[in-house]
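Let's have the full structure, built from the sequences with the hints guiding it.
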Amino acid sequence: MSNDAPSIIDPTAAPAPSRGRAPTPGRRPSTRVYWLYLLPGGIALTVVIIVPFAMNLWYSLHKWKGGLAPMRWIGFDNYVDLMSDDAFWRSFQNSLWMIVAMVIVPTLVGIVLAAVLFDVVGKNIGTRTASFLRAVYYLPQILPIAVAGIVWNWIFNAETGALNEILRSLGVTDPPNWLGVPGLALPAVMIVLVWIQIGYPTVIFMSALQRVAPELYEAAEIDGAGWYRRFRAITIPQIRPETFVITLTCTIAALKVFAPIYVLTRGGPEGSTLVPSYYTFLNFFDKSKIGYGAAVATVLTFVIIVVAVVIQSLQARAERREEEGR
Amino acid sequence: MTTATTGATGAPARPDTPRVVGRTRDRHHRGAWRWVILALCIVFAIGMIAPFLLMVMNAFKSPASYSSGGPLQLPTELYTEGLVKFWNATNFPVKLWNSIWTSALAALFGVLLSLLTAFAIGVGRIRGRMWIVLVFLLANMLPQEVLLYPLYTMAQQVGLNNSGWAIVIIFAVIQCAFGTYLLASVLGTFPKALLEAAALDGATTWRILWQVVYPIVRPTLSVLLLSFFIRPWNEFLSPPVMPTTPDSETVPIALASLQGDRMLDVPTLNAGALLSLLPTLVFFLIFQRTLTRGVTAGAVK
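Chains as they are written, first to last, in our numbering: chain A, 1 to 326; chain B, 1001 to 1301.
Calculated from the structure, these hints are not laboratory results. None of these values were measured; they are calculated from a predicted model. Heads up, some of the hints might be wrong.
Said to hold, decoys possible - Reference listing, derived: stretches of chain B covered by chain A, where coverage requires no fewer than 3 residues with Cβ under 8 angstroms from a Cβ of chain A:
1. 1041-1054
2. 1075-1084
3. 1161-1172
4. 1222-1230
As the list claims (entries may be wrong) - These stretches of chain A come out as covered by chain B in the derived footprint (C-beta under 8 angstroms, 3 or more residues):
5. 43-53
6. 298-305
Every residue, glycine too, gets a C-beta built ideally from N, C-alpha and C.
Spelled out as structure tokens, the structure:
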């Protein structure tokens, strides 16, 4: 089998069309020496990622309280137990809300913001204004998550919080405890996540728009297409590659999300903001159920990989359809 | 040609030359609207930085004036006691230094590992590289929690728990998974002629790496270095895996553990948040261009 088959996985495959099987004269005699360069990275990856991953799998097949406690082999019992565990299902259900807050809303808002900044502000008012606004939108992205935790915890605080002080000054007599009530904590966390995320798609889409040839817009404008039609017919299809990349990376990040939950709610109240990674953490270091936590982590890994493969193949199919369409 | 679109005076639709009618009308139409849209953009921007503004405003109020005037009142005095209190309570210089050296080393090792591995894959085109890239890609997707407990026990066994070196090693390797993927695609497009010329001259692969490849990919490497520095600086892994003793904590961990402390008043908390944000902010302002380029480089390979 040839290793040169073009593949979405192999980033080096695409730009090597002429390699073929021609015995190039100046070709380096052997590639064997390059294996040496793989060694440091390979060893590091094995020690820090591959071996721990295997150990985690091993743990998940045991009942173990951690440390020096005895490990007892129980096969797939942990996984069977997960199926009837409400907290487990709740955590994955919340993952869907995390995807709404970290992927869907920021991507939609990001497309509009980028188009408005690039098209209207950048072209009619000035590119400096546009890049300044872009930097402002991006600011929450560079914020240490622990700082975000402190600030938002204070804003949402029931007694001394900024939000409730504002509400009280507006005449609301009994403002709610935002992060302390099961029905409100999840929306509050989602607001923070949207706030953090928005800058990322905006920046990427803005640079994507710079790539789109201005002639396309000019032609459409001469043909009498309004702003919205140009947006639908040119902008959206042109920035599709970036949309896929953002969807992929942000969905993975949403499934993995840990630190914002840790600094904002610790999964509470009453598990209303529990996510899989935090549930794993809880089992490891709070409940001392190592095997069970390891099983949650394994399921999460599996879900992430499946989701990534699905998104990748959707992208590949869309690209193929586009090529055939031409 | 109409100048209404470029003029900064903002004069809305004024009578225009009769040529290119349809086009100019559209532009003028837009011209009237652009200020509305700009205003909306600015309102949105204010909403985005509102939490920062609130933080700065309340970092310099005394607890007494906070409780009497609330969070929205402008500070009447410059109260710096909160900053001092936070500085002393956390022993800030120690945390800052811990953050600096762990993030710097994690970034440096991460980039170095990425470069070596990507060199083997992209330039060396070793056999089975597709599978190797796949492994690095998968490693990139793993949630940290799946490595958490094994890393925790391993760190304990070798005595690296509560040491900044745990951060350095873990972050360097996790980031190298991403860096390898990105750099391998960059090096895959490396001009063949250069490599062949160097090989004909009898250059060893080591010399090719540092004298041919490195100078050309240096811009990409600097972007990687920056983003690899920012991540360990801002993020943290689950606490027991990260160092939690006073001498080894980094800024984000100190801050996260401080948060549960009910003894601290609001101004002190805000001052602490502000102080911890400042280095990142300065860093961002200095390297803004490079960083934005880095974000984009990650998206469009």
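### Violated hints, by number in ascending order, as checked against the structure
Hint check: 2 and 4 fail, others pass.
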